[in-house]
Amino acid sequence: MTHVFGKGKAMKLTADAMKKIKAITSGEITWAEIGGITFERAQQIAQVGCDFASAGQFDEARQIFEGLVAVNPKDAAAHAALGTVYQQLGRTSEALAEYDAAIAIDGKNPVARANRGEIRIKRGDLKGLEDLTQAVTADPAGELPASRRAQALLKAVALAAANRRNGTA
Amino acid sequence: MSFLGISIPNPLDLIKDVENVAQDLASGNVLGALGDVAGIAGGLDPLSAMVESVGSAIGLPQPVLDAIKVAGGALTGDFNAVLSGATDGLSRAGGKAAQTNYAPSMDSSAASAGYAPPPTTPANSELTEKLQALQTLKDNFTAFDQAVPAAFGALGNAGDMKIGTDEFQYISDNPSQYSPEMVSAARYFLDHPDVYAAVGISDGIIPAEVDNAIASTKGEIAYSGAPASNCDPSTQVDSTDWSSSQPVDDVSGQIDGIINNPNMSLEDKIMAVLMLLEEAAQKDVRDDMSNLSGAQKKNQDAVGGKDDKAKQEGHDDVTNATNQLQRDSERLNQLNSLMSNIEKMFNDMKMTAIRNIGQ
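Top to bottom, those sequences are chains A and B.
Here this note's numbering is used: the first residue of the first sequence is 25, the next is one more, and so on.
Here this note's numbering is used: the first residue of the second sequence is 67, the next is one more, and so on.
No lab work stands behind these hints: they were computed from the structure.
Take the hints with a grain of salt, since some may be wrong.
The calculated label-pair distances, taken between Cβ atoms and stated as ranges, are [claimed, not checked]: (1) 151/A <-> 353/B: 46 to 52 Å; (2) 393/B <-> 165/A: 50 to 56 Å; (3) 405/B <-> 115/A: 54 to 60 Å; (4) 49/A <-> 209/B: 57 to 63 Å; (5) 277/B <-> 52/A: 42 to 48 Å.
For lysine-lysine, the following DSSO-like pairs were computed, each having C-alpha atoms within a straight-line distance of at most 27 Å [unchecked claim]: (6) 46/A <-> 410/B; (7) 364/B <-> 349/B; (8) 349/B <-> 46/A; (9) 364/B <-> 375/B; (10) 377/B <-> 364/B; (11) 375/B <-> 98/A; (12) 132/A <-> 98/A; (13) 46/A <-> 132/A; (14) 162/B <-> 132/A; (15) 132/A <-> 146/A; (16) 410/B <-> 363/B; (17) 151/A <-> 162/B; (18) 98/A <-> 46/A; (19) 228/B <-> 162/B; (20) 146/A <-> 162/B.
None of these values were measured; they are calculated from a predicted model.
Ideal Cβ placement from N, Cα and C applies to all residues, glycine included.
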């Protein structure tokens, strides 16, 4: 039994309660699970964030996706979406951190792969090519704009290289 | 004709080629098109081996590997220029960078990890059953309406576009004549006179009422799946009185109460649990200060004595207690900072919502 004191109050936490606190702080359970937020609900919230982003209201989109990541750090798609918003806001290092987090959870996330790949390539980092190819293989039909862009970028790089080798660029 | 420079008699410039690439992408044959590059890939560069090994390890298709090899081949010279040309061209060919999409994994269990499971309460099942019955009624309205044969005379009212309990009873009593769905729906309405009363008008059910009831039931199902959110200030706070001085044993299970309280919003739950964590951290700091004080007193006593081992132990105890106090103080500071940031985030989100309403 753990005693908790503060501001003239007194309370006692059960072992089970302490276990739950530890589970929260260690990431075993998320705020979404505690708050009853379902995946379907998260998708609805994310759609609002995407709408804000497509309307150019990136600060509002940032708040929504930061909130989603806070309530469920296990959501790779939310990390990736937050990364795109940071990227649009010019916060590239934070964007990369979110893409890294997304890929650590879901190595095939095409949004994170495609955008991280593009940033890396613009920095002259060859690892970007691997990211782009992963984005292409994760979504070969090009259903997502990010993977379509990855396909285009990959081909453009290949094309540029071929042209350069043949003295046409 | 290949779109890649080498096989085109009069090669296009880079931008034009990239636009062609984009068109080719639109055809959907991306990997096949990349395969065109393979013919010029052989023995180009020292990166090939690396690409091959990395690519094989991650299971890349061969055409993609070949494409990378070609790209790598350009590294013999000015790689940045190649990339720059490619990305510049892409800005015209490949759409907007960093477009925001929420793309969860195709694996539903992975996608929903960390989220609460969908509600499967009895109330929800009942609503689903109600919706199925209403949908069956809508889809088979004419069949329901004509269920009671004309031989039943006024009882039947077949074809009057109104359905009453007589029709439901007839279908229920003659299941072999109707589909199982119709029989289930008829029995549902007979078993749930409250639903029948809510859907029907004074002398029976009409199509418009069924449509309204379906829309209403869908709304109820959606609402039942949403997390509890109550903006009434009188119900936002847990039954626990945070400001009162309660006996220690009376507040056992506070966290359970917070976490399981359906009347608290998620924001309230987060802040309430963080408050508990903060208070626990404050308590730890106070304990550390008390321990440090004890260690210092013990050390002073030891310093005045002649026992070297006791002196060393006293010194170590002070050092350990000081370190523990520093660690716990840092934890408390981090917690305070976290609470402040989260509170600001919630406020920002609320302000955004208010601003949007005002627009």
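Verification of the supplied hints:
no., hint, verdict
1, 151/A <-> 353/B: 46 to 52 Å, "48 Å, holds"
2, 393/B <-> 165/A: 50 to 56 Å, "52 Å, holds"
3, 405/B <-> 115/A: 54 to 60 Å, "24 Å, violated"
4, 49/A <-> 209/B: 57 to 63 Å, "60 Å, holds"
5, 277/B <-> 52/A: 42 to 48 Å, "46 Å, holds"
6, 46/A <-> 410/B, "24 Å, holds"
7, 364/B <-> 349/B, "23 Å, holds"
8, 349/B <-> 46/A, "17 Å, holds"
9, 364/B <-> 375/B, "13 Å, holds"
10, 377/B <-> 364/B, "9 Å, holds"
11, 375/B <-> 98/A, "51 Å, violated"
12, 132/A <-> 98/A, "14 Å, holds"
13, 46/A <-> 132/A, "30 Å, violated"
14, 162/B <-> 132/A, "21 Å, holds"
15, 132/A <-> 146/A, "21 Å, holds"
16, 410/B <-> 363/B, "43 Å, violated"
17, 151/A <-> 162/B, "21 Å, holds"
18, 98/A <-> 46/A, "17 Å, holds"
19, 228/B <-> 162/B, "56 Å, violated"
20, 146/A <-> 162/B, "15 Å, holds"
Hint compliance for this structure: hints 3, 11, 13, 16 and 19 are broken, all remaining hints hold.
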